Structures are given as structure tokens and as C-alpha cells.
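Undergrad: Note that the protein sequences, when read in sequence, are chains A and B. Take any residue in the first sequence, count from 1 to its spot, add 2: that is its number in this note's numbering. Take any residue in the second sequence, count from 1 to its spot, add 2: that is its number in this note's numbering.
Honestly, the hints are just simulated from the structure, not real lab data. Just so you know, these numbers come straight off a predicted model, no measurement behind them. Keep in mind that a hint or two might mislead.
Pairs count within a copy or across copies, as identical chains cannot be separated in the list.
Unchecked claim - Straight-line Cα separation of at most 20 angstroms, DMTMM-like style, residue types lysine to aspartate or glutamate; simulated pairs:
#1 Lys264 - Asp136
#2 Lys58 - Glu302
#3 Lys266 - Glu225
#4 Lys230 - Glu30
#5 Lys228 - Asp286
#6 Lys266 - Glu34
#7 Lys264 - Glu133
#8 Lys230 - Asp240
#9 Lys230 - Asp103
#10 Lys228 - Asp285
#11 Lys230 - Glu288
#12 Lys264 - Glu131
#13 Lys230 - Asp285
#14 Lys266 - Glu133
#15 Lys188 - Asp248
#16 Lys188 - Asp9
#17 Lys58 - Glu153
#18 Lys58 - Glu30
Residue-level listing of the chains:
Protein chains: 2
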Amino acid sequence: MVKKFDDLISKVTECSVKTVSVAVAQDEAVLEAVKAAKERNIANAILVGDEDEIRKIASTLNMNIDDYKIIDVKDKTEAALKAVELVHNGEADMYMKGLIDTKTFLKSVLDKEVGLRNNKPLSHVCVFEIEGVDKLLFLTDVAFMTYPTLEDKVSIINNTVEICNACGIENPKVAPLAAVEVVNPKMPVTVEAAELTKMNEEGKITGCIVDGPLSMDLAICPEAAKEKGAEGRKIVGDADVLLFPDIHAGNLVYKALVHTAKVKNGNIITGTKAPVILTSRSDDFETKVNSIALGSVVAESLKNA
Amino acid sequence: MVKKFDDLISKVTECSVKTVSVAVAQDEAVLEAVKAAKERNIANAILVGDEDEIRKIASTLNMNIDDYKIIDVKDKTEAALKAVELVHNGEADMYMKGLIDTKTFLKSVLDKEVGLRNNKPLSHVCVFEIEGVDKLLFLTDVAFMTYPTLEDKVSIINNTVEICNACGIENPKVAPLAAVEVVNPKMPVTVEAAELTKMNEEGKITGCIVDGPLSMDLAICPEAAKEKGAEGRKIVGDADVLLFPDIHAGNLVYKALVHTAKVKNGNIITGTKAPVILTSRSDDFETKVNSIALGSVVAESLKNA
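Model the full assembly from the supplied sequences, consistent with the hints where possible.
TA: Laid out in C-alpha cells, this is it:
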């Protein structure tokens with residue numbers, strides 16, 4: 003059972019080693035993570051960007067730069083297009099953001115000729131290992147889709163179930179979250195959560211078990227779920243996927259967890275032909291490495307699909 | 003400086019001992035908290051409800067029932083009205099929910115004759131001590147107001163500033179939270195957060211420092227705030243009040259904290275003439291005692307106002 007990031011990393015090392023293509027790689031924090039990913043046998047890297055800058059940073063990191071293919075492209079937009087093309091063409095398995103703004107990076111992801119579009123809406127998944135919670139939690143969407151409609155939420159669930167499967171979690175339990183665990187017509191979020199549950203029961207959302215609306219305690223805390231009465235519920239504090247009402251709820255929980263609980267996490271953009279790693283400046287080193295590991299298992303799973 | 007619940011409890015014991023009036027007091031968990039509050043010199047209690055039941059539970063808790071005034075009212079609605087009237091008349095200082103549904107309890111709070119209406123909107127404040135955060139955090143509204151308008155948010159801020167002051171925190175820093183720390187017209191929450199900030203600068207919201215929109219990390223983590231660039235910001239990871247976009251965001255963060263971080267918390271309904279304690283079944287023993295302590299300092303502050 004995959005319950006921790008170490009389990010996920012064991013899973014990675016059982017597969018063929020994947021390659022990450024980095025857009026505008028002259029970024030110290032990103033290169034540090036790429037170096038660690040290589041050393042831990044999680045992934046190789048192709049570095050696209052300003053070669054002089056890349057070499058300069060690599061030397062300060064004691065990084066053996068001869069282990070990496072470097073493609074010298076000074077212009078950032080061009081570097082991103084070149085880096086994403088490598089993934090598009092199968093020369094690399096996943097795509098990672100370096101020293102480039104998110105907007106330009108995402109434009110390259112969505113580029114019609116060399117990008118990674120898959121005719122699906124893109125969504126973001128953040129995978130958490132939390133001390134005291136006995137499984138990995140897949141939070142979505144805490145960073146990308148702002149105000150998902152019901153239809154978007156179906157796409158988010160489908161995208162996230164693929165990530166769960168790639169991580170070895172079959173038929174994940176999906177909790178559409180709200181402040182309360184009962185439908186209240188004055189809270190549209192709860193109505194949509196019930197609708198998603200019904201769609202799952204009717205076979206319109208497959209490969210997972212949806213049960214909502216659920217409050218956070220009923221989703222992640224078996225004791226709270228049992229105390230409050232779990233009768234007739236399919237999720238009893240054992241959710242795998244936490245589906246948030248909107249980006250504010252998701253992002254606030256995500257950052258509260260990172261800054262107050264004992265966690266490990268990694269995150270990925272999904273809905274694309276290949277995994278896209280879009281870590282932010284504020285993500286720490288281990289989060290970046292974990293994200294590359296997550297990208298590797300997802301790339302392996304897509305290869306076998 | 004009041005930075006922890008222990009500081010708050012020291013503050014309580016410096017005041018005259020307050021009395022809590024309990025509606026439908028035949029509730030084991032509530033009586034246990036009331037007993038501890040008495041033993042720790044935090045508050046006395048008047049128990050309104052089914053006297054036989056109250057005595058039965060008290061004996062199983064080794065509670066010296068002669069220390070308490072009991073008023074025997076079997077009917078729950080009547081018991082609540084009687085209990086709230088005691089606060090209304092000044093015979094007790096705060097009002098607490100026992101074995102009665104929230105709706106009936108709140109009806110008694112809002113009763114025109116014997117209730118605690120104050121011509122202000124009611125809101126909920128949850129006070130947290132979190133390991134790793136160097137001050138008490140006042141979360142609002144995580145349980146009562148569902149989708150506050152801009153006007154409601156002004157009331158919530160005013161209500162919460164009163165609670166901060168009662169706890170010894172003058173001129174608190176209020177962070178209207180969002181997924182991002184910049185105004186984005188596509189995210190109405192961020193526009194409202196900026197509007198609240200402007201109202202504060204123009205003197206329309208007073209007694210506090212408002213700075214939003216803020217993401218969670220910039221609100222509660224000084225290191226993150228400094229890293230991301232805190233220039234021109236009035237809050238640099240040192241917020242006192244976390245103002246949530248809506249009940250879903252607030253409640254999901256609240257329960258995530260309770261179930262994953264090391265916390266102590268207590269909560270209270272405010273906007274009323276006297277503090278109202280509405281703990282839920284899922285709140286643990288210490289949370290109920292902390293809520294009574296919080297009620298005591300707020301009652302003391304209202305007395306001196």
C-alpha cells in the first residue's frame with residue numbers, strides 16, 4: 003500500500019528512470035531539486051535555458067553538470083517552447099517550470115503545436131502525507147481552477163483519479179467538501195456535492211467512490227466520523243481525494259497545513275498529455291523533489307496506459 | 003502579552019468570577035466542562051434543565067452538585083428561555099448551549115423579550131493556539147455566517163476586534179484571506195478584501211489594522227511573508243484575525259487545523275449583549291473549558307465597557 007511519500011519514491015525506483023525537461027532552468031532552487039532527484043534515482047533532467055547561467059549556478063551547488071543535457075536558449079519564451087517540445091516529442095517524460103512566470107509557462111503547456119494539450123481541462127493536485135493521517139491525501143484544486151462548475155468538478159475528479167491510480171491507489175474515495183455534511187439548498191456547494199455523488203452512483207463518474215457533501219472531520223478523521231454517526235456513508239474518515247468548493251477554500255487549507263501541521267507534499271498539474279510540475283517559489287526543497295517523484299509515477303502510468 | 007490559552011486563563015482568574023447559564027444542562031460533556039471551569043476558578047454555573055437528569059449525570063461525574071444553582075425546567079424550549087433570561091437580567095454573565103438543538107438555542111438568543119439581541123449581526127469567533135505560531139489566532143467566521151457580504155464582513159471585523167480587545171490584544175491585525183495576495187477582478191473575494199483595507203485606511207473600520215487580500219502563508223508565517231516580499235504590507239506573517247471568504251473556506255481550515263496540527267482552541271458567538279457559548283458535540287473537553295474561559299474575559303470586558 004502506498005501510504006507515504008517514501009512508498010511513492012520506492013515505486014518510482016522500480017520503474018525505468020524518467021526524464022524531466024526544465025523550462026528556463028537557471029533557477030537555483032529548481033536545479034537543487036533536479037540534482038537531488040538525479041542522485042536519488044528519481045529522474046534525469048534536460049536543462050533548457052541560459053547555459054552560462056545554468057553552469058554558474060550548478061557549480062555553486064556542486065552539481066556535476068556533465069550528467070545533464072543542456073540546451074542553450076536565452077529567450078525565456080523560446081526556452082519554454084523548446085523544453086515543452088521535448089516532452090511533446092517523447093524525448094522527455096515530464097515538464098517542469100524554472101525561472102519563468104507562470105503565465106508564460108502555462109502558455110507553452112497549452113501551445114497547439116508543441117504543447118501538451120489533451121482536450122481536457124487542466125487541474126492541479128497536491129498530494130499530502132500528514133502526521134496522524136494514515137494515507138496520502140490528494141487535495142484538489144488548490145492552485146489552478148478558481149471557481150469550478152459542476153462540469154469542471156467532474157473533470158477534476160477524473161483527472162485526480164488518474165493520479166491516484168498512478169500512485170497505486172485504486173478506486174479512491176472522493177470527498178466533495180463543504181462546511182457541513184448535509185445538503186442545504188442555501189449552500190449551493192452542498193447541492194453540487196450531492197449531485198456528484200449521484201452521478202457516481204449512476205455510473206457517470208467512474209473509477210472512484212464519491213460521497214458528499216462531507217465536512218473535513220468526516221472526510222479525514224475516522225474517530226470523528228464514527229462519533230457523529232457514519233450510517234449510510236461511504237466515506238468514514240478515510241477519504242483519499244479532498245475536492246474543494248473553490249480555490250480559496252482549497253488554497254487556504256493547503257497553506258494552513260503546510261505551515262502548521264507536520265507534512266510532506268508534492269504537486270502536479272494534470273489533464274495534460276504528460277505531467278507538468280509547477281512548483282512555486284514558496285515550496286521548499288523536499289516539495290520540489292516530491293513533485294518530481296510524483297511526476298515520474300504519473301509518467302510511468304501514462305506510458306503503460 | 004496574551005499569546006496562549008494559559009495566558010487567557012490567567013487573565014480570567016484576575017477578574018471577578020463570572021457565571022455561565024446553561025440551557026438544558028443535562029449533557030454529560032457540557033457538565034464535565036462546567037465542573038472543570040468551576041474547579042479551575044474560571045466560572046460558576048447555573049444549570050437550567052431537567053433537575054433529575056442533571057443530578058444523575060452529576061453523580062457519575064463526581065460533581066458536587068450543591069455548588070450549583072439548579073432551575074428545574076423539563077421542556078427544552080422553556081429551559082432555554084429561562085436560561086437566557088438569567089443572562090438578560092444580569093443574574094448570569096454568559097449563556098451556554100447544553101442538550102438542545104442549535105436552532106432552538108439560537109432562537110432563545112434572539113428572543114425579543116428575554117434574549118441577547120444587540121442590533122448587530124451575530125458572528126462566530128474561534129480562537130486558536132497553534133504550535134509554531136507565536137500568537138493567538140482569531141478565525142472568523144467558520145461556523146455561523148455562511149456567505150458574508152462586504153457589509154457583513156465589516157460587522158464580523160467589528161465583532162472580532164471586541165473579542166481581541168477583551169483578550170488583551172489591542173489594535174489587532176486583521177487579514178481578509180484569499181487564495182492570492184493580489185487583487186484579481188476575476189476573484190470577487192480579493193476585490194472585497196482590498197475594499198475592507200481601504201475602508202480601514204479611510205477610518206470607516208477602526209480599532210484594527212486591515213491588510214488584504216492575503217494568502218494564508220503571508221498572514222501567519224513571517225518567514226514566508228519575508229521571502230515573498232513584504233514591501234508595503236502592514237501584515238507580515240503576524241495577523242491576529244483571519245477573516246475567511248465564506249463558511250466553507252473557514253470551516254474546512256478550522257477542522258483541518260483541529261485534526262492535523264497541535265492546537266488548543268475555544269470559540270464564542272459575538273454581536274450579542276453577552277457572550278454566547280455554542281460548542282458542538284465534536285468539540286473536545288478542553289475546547290469547551292477554553293470557550294468558557296473566553297466567555298469570561300469577554301463578559302468582564304463588556305462589564306467594564
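Undergrad: Next step is simple, just say for each hint if it's right about the structure.
TA: Hint-by-hint comparison with the structure:
1. Both within a single protomer and between protomers do Lys264 and Asp136 lie at most 20 angstroms apart by alpha-carbon distance, with minima of 13 angstroms and 17 angstroms respectively.
2. When the C-alpha separation of Lys58 and Glu302 is checked against a cutoff of 20 angstroms, the pair qualifies neither within a copy, at 32 angstroms, nor between copies, at 63 angstroms.
3. Proximity of Lys266 and Glu225 under a CA criterion of 20 angstroms is satisfied inter-copy only: 18 angstroms between copies versus 23 angstroms inside one chain copy.
4. Taking CA atoms no more than 20 angstroms apart as the test, Lys230 paired with Glu30 passes between copies only; the shortest distance there is 16 angstroms, against 48 angstroms inside one copy.
5. Proximity of Lys228 to Asp286 under the C-alpha cut-off of 20 angstroms is restricted to the inter-copy arrangement: shortest distance 15 angstroms between copies versus 36 angstroms within a copy.
6. Taking the shortest Cα distances, Lys266 and Glu34 sit within 20 angstroms of each other inside one copy (18 angstroms), while across copies they are farther apart (37 angstroms).
7. Taking the shortest alpha-carbon separations for Lys264 and Glu133, both the intra-copy value of 6 angstroms and the inter-copy value of 11 angstroms come in at or below 20 angstroms.
8. Proximity of Lys230 to Asp240 under the C-alpha cut-off of 20 angstroms is restricted to the intra-copy arrangement: shortest distance 14 angstroms within a copy versus 35 angstroms between copies.
9. Taking the shortest Cα distances, Lys230 and Asp103 sit within 20 angstroms of each other only across copies (14 angstroms), while inside one copy they are farther apart (46 angstroms).
10. Only between protomers do Lys228 and Asp285 lie at most 20 angstroms apart by alpha-carbon distance; the minimum there is 14 angstroms, versus 35 angstroms within a single protomer.
11. In the homo-oligomer, the alpha carbons of Lys230 and Glu288 lie at most 20 angstroms apart only across protomers (19 angstroms), although the nearest pairing inside one protomer, at 37 angstroms, exceeds that limit.
12. For the identical chains of this complex, Lys264 and Glu131 are neighbours both inside a copy (8 angstroms) and across copies (16 angstroms), given an alpha-carbon limit of 20 angstroms.
13. Taking CA atoms no more than 20 angstroms apart as the test, Lys230 paired with Asp285 passes between copies only; the shortest distance there is 11 angstroms, against 36 angstroms inside one copy.
14. Taking CA atoms no more than 20 angstroms apart as the test, Lys266 paired with Glu133 passes in both settings, with 9 angstroms inside one copy and 17 angstroms between copies.
15. Taking the closest pair of Cα atoms, Lys188 and Asp248 come within 20 angstroms of each other both inside a single copy (17 angstroms) and across two copies (13 angstroms).
16. Within a single copy, Lys188 and Asp9 get their C-alpha atoms no closer than 42 angstroms, and across copies no closer than 39 angstroms, so neither meets the 20 angstroms cut-off.
17. In the homo-oligomer, the alpha carbons of Lys58 and Glu153 never lie at most 20 angstroms apart, since the shortest distance is 47 angstroms inside one protomer and 54 angstroms across protomers.
18. Within a single copy, Lys58 and Glu30 get their C-alpha atoms as close as 10 angstroms, which meets the 20 angstroms cut-off; across copies the closest is 67 angstroms, which misses it.
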